[in-house]
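**Student:** Next come the chains, spelled out residue by residue.
There are 2 protein chains.
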Amino acid sequence: MKVSELGEFGLIDRLAEMVARSRRKAPAPWQKLIVDIGDDAAAWQGDTSIQLATVDSLIEGVHFPPGRLPWRETGWKALAINLSDIAAMGGIPRYALVSLALPGTTEVDDVSLMYQGMIELAEKFEVAIVGGNISNAPQVMINITVLGSASSQAKHILTRATARPGEKIAATGYLGTAAAGLAILKQQAQADAEASATLIRAFRQPNPRIAEGQTLVEKGVKTAIDISDGLLSDLNHVCQASRVGARVEIDHVPILPLVKENLGDQALKLALAGGEDYELLFTASNEIITKVKQALACPVTIIGEIVAGKAEIALIDSQGRPFDLGKTGWDHFAAR
Amino acid sequence: MKVSELGEFGLIDRLAEMVARSRRKAPAPWQKLIVDIGDDAAAWQGDTSIQLATVDSLIEGVHFPPGRLPWRETGWKALAINLSDIAAMGGIPRYALVSLALPGTTEVDDVSLMYQGMIELAEKFEVAIVGGNISNAPQVMINITVLGSASSQAKHILTRATARPGEKIAATGYLGTAAAGLAILKQQAQADAEASATLIRAFRQPNPRIAEGQTLVEKGVKTAIDISDGLLSDLNHVCQASRVGARVEIDHVPILPLVKENLGDQALKLALAGGEDYELLFTASNEIITKVKQALACPVTIIGEIVAGKAEIALIDSQGRPFDLGKTGWDHFAAR
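Protein chains in written order, with my numbering: chain D, 1 to 336; chain Y, 1 to 336.
Chain D on its own, in the form it takes in the complex (with noise of 0.2 angstroms):
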């Protein structure tokens, strides 16, 4: 069977067992882990502190459009999308390590233009660049590992695992902007220069939720995710382990206005099932999302609940009714 036919996720299924038999086999590192392969970081008992790692790679023509993500951006989105997995934990970043694959003929100020978005986005959340390597390749691809902890004073860390039935599902800030952003530039939809640049500035640069995740880990949530593939997607992963379903109610996820007015019908979709907004998707009872609510500047909205049963998700229309969206999500291997 070829990985495409298997999938980015039944790959990692695969590998995953793999792993979890020979941890049978050799049990002493492991004595510590907390959380292993298949949620945003691994995490384990470090001597005073839980620690967090997280690695996650950007490859030029798989990740973003050949010459669509300028040099400046990648090196911050590239760091970024790692950040977020220590926010979906509810850590704090602390190192970076940097692998840099790149052609002999890449301009050496174009990779220094890289080095300066990551320098800057690292500046912004106090994270040291602490090492890395270069390798030459036939295309650029950036790797990035990120080591952090959750604070001193977290008795916990978010999971996907812990999604309980009767749980409100919520997200931070609005969903589908990035991907509104990466259709604007691959010329599949359109809008007025002003709203381009933002969309296109929401694909290209994305701001992860640190302190976001930090403040749900302090008023008691326990699940969270960051969207990096799509609500429907990173939601199922939740449900998945979770094992519980999930009823989302299409009317309630958050679309900035922009979009909307943008790009119309495209919007839902999008916001759905677009994935790259780095927003934090969690659960929790409507007590402690208030409390999130209350501590939390950006926006913050109910859009559907944890139910029994199945990990399947249910969308539901302004009238109860069942909405069908066709096949979504992010699979690396399926076609964009």
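Do not rely on the hints blindly, as some may be mistaken.
Since copy identity is lost for identical chains, a pair holds within one copy or between any two.
Here are the simulated DSS-like cross-link-like pairs (lysine-lysine), alpha carbons at most 25 angstroms apart as the crow flies [unchecked claim]:
| # | residue 1 | residue 2 |
| --- | --- | --- |
| 1 | Lys260 | Lys310 |
| 2 | Lys124 | Lys168 |
| 3 | Lys25 | Lys124 |
| 4 | Lys124 | Lys32 |
| 5 | Lys32 | Lys155 |
| 6 | Lys2 | Lys124 |
| 7 | Lys186 | Lys25 |
Source of the hints: derived by calculation from the structure; they are not laboratory data.
Based on the hints, put chain Y in the right spot on chain D.
**Tutor:** Frame of chain D, contents of chain Y only:
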């Protein structure tokens, strides 16, 4: 200027300088850092022990000829080169994150074989594979991050920057073995079937010197690097970082008899410049090296000494005359 004109190490210097400037602007996360960009691994003071992190990648067509590294060995080697970086700091590897990029047409069974090789090595050194990610890409790339720590008894780690004039230069094991294997694979050299198998195995399945690195620390060695790029290239890294020169007696460079017998005149060049043996190169006093020899089962050979002056390496033959090898060493952006 193109990256290929500036070269890998020139590019690293330029990017490290940019990061160093940002360090002055946002000093907080850097305060606990002990070793940053430019050594085998980054190191910082953890709550109770020194923490280590390193990243390295294997790219098809760049680090190994397409089709010439079987899948199982690809997994083994991708992890081995990272464990070797932790060994070169005298540390203990603990956790690994695996970032995989491969074409959708890759056979799932091949990816499983690759993981099998990685898991075999991880079990051998009690390393937990705790996370990673998978992307689509035109060629196979494995990018691994390994996190480790110094042993709790260790008062220091091994770096590149502490070599002092008068110290002897020593290496574990034999040099040029992996390069001889690669030469046979590329049909640039010939050997009988049994010798070929041994040499090719040295290239495909290197053994990181984890226990040996810790012994170096215990016996009082301060300076080490693993030989990944080649003896001269890696010794040059030590000389640059320590601001010292080196004299290497070419007749003392340890070469496996099998390599001398089968590769004749090529053997010395492969031992000096071939790379990928993942042996440890270190500097210390005669007394300390004697203690290291007594403690280790593998060969330990003194090959020269550190001298005051410019960061240059003088090769000396058995008559004490200068020896010229021509341009050598491994630059990822130079033609190989």
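**Student:** Now, for every hint given, state plainly whether the structure supports it.
**Tutor:** These are the hints, each one checked on the structure:
Taking the closest pair of Cα atoms, lysine 260 and lysine 310 never come within 25 angstroms of each other, the shortest separation being 32 angstroms inside a single copy and 65 angstroms across copies. Proximity of lysine 124 and lysine 168 under a CA criterion of 25 angstroms is satisfied in neither setting, with 32 angstroms inside one chain copy and 45 angstroms between copies. For the homomeric pair lysine 25 and lysine 124, the shortest alpha-carbon distance between copies (10 angstroms) is at most 25 angstroms, but the shortest distance inside one copy (43 angstroms) is not. With identical chains, the CA atoms of lysine 124 and lysine 32 are at most 25 angstroms apart between copies only, with a shortest distance of 19 angstroms across copies and 31 angstroms within one.
When the C-alpha separation of lysine 32 and lysine 155 is checked against a cutoff of 25 angstroms, the pair qualifies both within a copy, at 15 angstroms, and between copies, at 24 angstroms. Proximity of lysine 2 to lysine 124 under the C-alpha cut-off of 25 angstroms is found in neither arrangement, the shortest distances being 42 angstroms within a copy and 30 angstroms between copies. Taking the shortest Cα distances, lysine 186 and lysine 25 never come within 25 angstroms of each other, neither inside one copy (49 angstroms) nor across copies (37 angstroms).
In this structure, the hints that do not hold are numbers 1, 2, 6 and 7, in rising order.
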